[in-house]
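Going down the list, the protein sequences come from chains V and X. In terms of this note's numbering, the first sequence has 81 at position 81, counting the first letter as 1, and numbering is strictly consecutive. In terms of this note's numbering, the second sequence has 103 at position 103, counting the first letter as 1, and numbering is strictly consecutive.
Do not rely on the hints blindly, as some may be mistaken.
Which residues of chain X face chain V? A few of them, derived with a C-beta cut under 10 Å, are [said to hold, decoys possible]:
no.	residue
1	Ser1
2	Tyr36
3	Leu46
4	Leu83
5	Ser86
6	Cys91
7	Glu99
8	Phe101
9	Gly103
Some residues of chain V that are not near chain X, with every Cβ distance over 10 Å (derived) [claimed, not checked]:
no.	residue
10	Met53
11	Asp58
12	Asp78
These aren't lab readings, by the way, just hints derived from the structure by calculation. Fair warning: this is a prediction, and the values are worked out from it, not measured in the lab. The beta carbon of each residue, even a glycine, is placed where N, CA and C say it ideally should be.
If you want the building blocks of each chain, they are given just below.
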Amino acid sequence: GEDVEQSLFLSVREGDSSVINCTYTDSSSTYLYWYKQEPGAGLQLLTYIFSNMDMKQDQRLTVLLNKKDKHLSLRIADTQTGDSAIYFCAERRANNLFFGTGTRLTVIP
Amino acid sequence: SQTIHQWPATLVQPVGSPLSLECTVEGTSNPNLYWYRQAAGRGLQLLFYSVGIGQISSEVPQNLSASRPQDRQFILSSKKLLLSDSGFYLCAWSVGGHEQFFGPGTRLTVL
Numbered sequence: 001g002e003d004v005e006q007s008l009f010l011s012v013r014e015g016d017s018s019v020i021n022c023t024y025t026d027s028s029s030t031y032l033y034w035y036k037q038e039p040g041a042g043l044q045l046l047t048y049i050f051s052n053m054d055m056k057q058d059q060r061l062t063v064l065l066n067k068k069d070k071h072l073s074l075r076i077a078d079t080q081t082g083d084s085a086i087y088f089c090a091e092r093r094a095n096n097l098f099f100g101t102g103t104r105l106t107v108i109p
Numbered sequence: 001s002q003t004i005h006q007w008p009a010t011l012v013q014p015v016g017s018p019l020s021l022e023c024t025v026e027g028t029s030n031p032n033l034y035w036y037r038q039a040a041g042r043g044l045q046l047l048f049y050s051v052g053i054g055q056i057s058s059e060v061p062q063n064l065s066a067s068r069p070q071d072r073q074f075i076l077s078s079k080k081l082l083l084s085d086s087g088f089y090l091c092a093w094s095v096g097g098h099e100q101f102f103g104p105g106t107r108l109t110v111l
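In isolation and in its complexed conformation, chain V is listed as follows (with noise of 0.2 Å):
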């Protein structure tokens, strides 16, 4: 499809692991990003992977990339209260970004 692909609702409890899955469209595309929107705010960039990469780990921030099946996840260790939010993947495509629908992380206290 065209369409960068996100689940829309994921709840956590505190201190469980979150993932959060992608699928983007193009093999060719040469960076994916995970941005982070809160509340009523603009987005975040969080992390970003290069496309030669499989793993990318920023603290409690871990970035999968399977490129044959065109599979992105964040998975966050320890997820917090302030880690509510929506949480937003992008592909680089013709120097442009495109945004899957974002997924909201719930975390219950």
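Dock chain X against the given chain V, drawing on the hints supplied.
Using the frame of chain V, we list chain X on its own:
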């Protein structure tokens, strides 16, 4: 450091009225500038992007237009708003087309 501003933060407009949303960037030169719309329950849709003064590319046909009168100013306009124009409008900038940095957004409600 670079900062990006959008105003107004919120706007309520009647159907058929004009629109002007403004975005300005500080601390960088010759950025790429973008306008996105986020409709309720949907992802971000790229509306326009600009690689320089007076250079505008439109991604989707619509009753909106964009202009870039100065290097770090990007304006989103409409002559007559539709109900379907309601949404959260986000401006973003990048240098080199890699990471994009977003403004705080404008929430537009068309009644």
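Against the structure, the hints:
With its C-beta approaching chain V no nearer than about 15 Å, Ser1 of chain X sits outside the 10 Å limit, and its interface hint is violated. For Tyr36 of chain X, the interface hint holds, the least distance from its beta-carbon to any beta-carbon of chain V being 8 Å, beneath 10 Å. For Leu46 of chain X, the suggested interface contact is upheld, since its CB lies about 6 Å from the closest CB of chain V, less than 10 Å. Residue-level restraint check for Leu83 of chain X is violated (minimum Cβ-Cβ distance to chain V is 21 Å; threshold 10 Å).
Nearest Cβ of chain V to the Cβ of Ser86 of chain X: about 15 Å, over the 10 Å cut. The hint is violated. Contact between Cys91 of chain X and chain V, as hinted, is supported at the beta carbon level, the nearest pair being about 8 Å apart and thus within 10 Å. With 10 Å as the threshold, the beta carbon of Glu99 of chain X comes within range of chain V, its nearest partner Cβ sitting at about 6 Å, so the hint holds. The interface hint given for Phe101 of chain X is met, as the beta carbon of that residue sits about 7 Å from the closest beta carbon of chain V, less than 10 Å.
With a least beta-carbon distance of about 5 Å to chain V, the hint placing Gly103 of chain X at the interface is held under the 10 Å criterion. Taking the minimum C-beta to C-beta distance to chain X, about 15 Å, the non-interface status of Met53 of chain V holds against the 10 Å cut. Against chain X, the non-interface label of Asp58 of chain V holds: every CB pair exceeds 10 Å, the least being about 14 Å. The Cβ of Asp78 of chain V sits about 26 Å from the closest Cβ of chain X, beyond the 10 Å cut-off, so the non-interface label holds.
When the structure is compared with the earlier hints, violations turn up for hints 1, 4, 5 and for no others.
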